[in-house]
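Protein chains in written order, with the numbering used here: chain A, 1 to 184; chain B, 1 to 175.
Derived by calculation from the structure, the hints in this document are not laboratory data.
These figures come from a predicted structure and were not determined experimentally.
We treat Cβ as the ideally placed atom computed from N, Cα and C, and that holds for glycine.
It is possible that part of the hints are untrue.
Unchecked claim - Quick look at which bits of chain A chain B covers, simulated, 3 or more residues with Cβ under 8 Å:
hint	segment
1	9-17
2	23-31
3	51-60
4	165-171
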Amino acid sequence: MISLQEENELIDRILAGKEEVYARLVDHYKSYAFTIALKVLENRAEAEEAAQDAFIKAFHYLKGFNRQARFSTWLYRIVFNTAISYKRKNKPSLSSIEFHDRAREEGSDLEKDDKRVFVSQAMEHLNEADRLAIQLYYIKEFSLEEVAELMGQNMNTLKVRIHRARQRLADALKKILKEEALTL
Amino acid sequence: MEKITTVQDDRLLNYLDGKLDGTELVQLKKDLESSDLLQARLNELRMIHRVLAHTALETPSFAFTNKVMQNLHSKPVTSYLSPRNGLLLLAGVMVAAGMLVAMISAGIFDDMGGIVSLDKAIPVKNYVHQSLPTISVNGKLLIKIIIGLNLVLVFIVLDRTVLKPYFQKRAGMQL
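Please build the complete structure, drawing on both the sequences and the hints.
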């Protein structure tokens, strides 16, 4: 974990010309950046490309980063916007198939993994914006405020969106489980 | 038949998010004890909450950081047109250019041209007291210039939407 002070020192060194120091920031935030891009694009190759592109953009715009917000919040917003523009450029992708198949692959014979498969099937019933909001909300350590900042939405609007999405998800899941029980 | 309301759903979700305070929490627990339906709904929402809460962070490829550092000074990939839209625009501009060339070959623009007198074309005699010059217009030449501009546009669209993304992708894959 990089402290705020350490992060500011790293940024100062990068801006002073020590570009190689940027690798530390990339290493530290790459998983979060990649996960955000993956939630948006639902395709690993595209997500990797978009996340890398976002880091390069962040490096170019680093001079303009005013340190009122945390670097991570600023970076994730760049990642999110870059991923959205990739999505607009490259749709449609094999996204839902990949998401679905991965869930199936991961869902061996354990009950917990079965639940994951059913929840991922229920996810297909949500619209894209709701699905994205809910997935970002559940990324480790992301608060509602951070997700709202990331998606450029009002916090209350986002809160309602996430609540309604979970309700719809629960309804869809109930239906799927009922159908599953009938086939047994 | 009893039905779960949106307000009840919201209370359950706030409970799962750990956002209910003392009195609300006590009231909810009482309601849960007295309603099987509410308890069943909590179980449904809890299942989703638990599965999603275990969403792990995804790990990018091993070479991720190296690729970023090696491309640090390359321009970020920015294309304003999707490949599909770019190709459509490309086809449209080429069709337009092709039609103009065919029309020139058919001699449609041969008679287009002549001398345009600005005195007659612009009714500003009340304001301009000197006579305005005349301009010689060659219609065929004008169309040829338009075709030339179209071809420049074709090249730019081809470069932005097909060539540049293709070579950048190839360069990225070789790293």
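Outcome of the hint check:
| no. | hint | result |
| --- | --- | --- |
| 1 | 9-17 | violated (count 0) |
| 2 | 23-31 | holds (count 5) |
| 3 | 51-60 | holds (count 8) |
| 4 | 165-171 | holds (count 4) |
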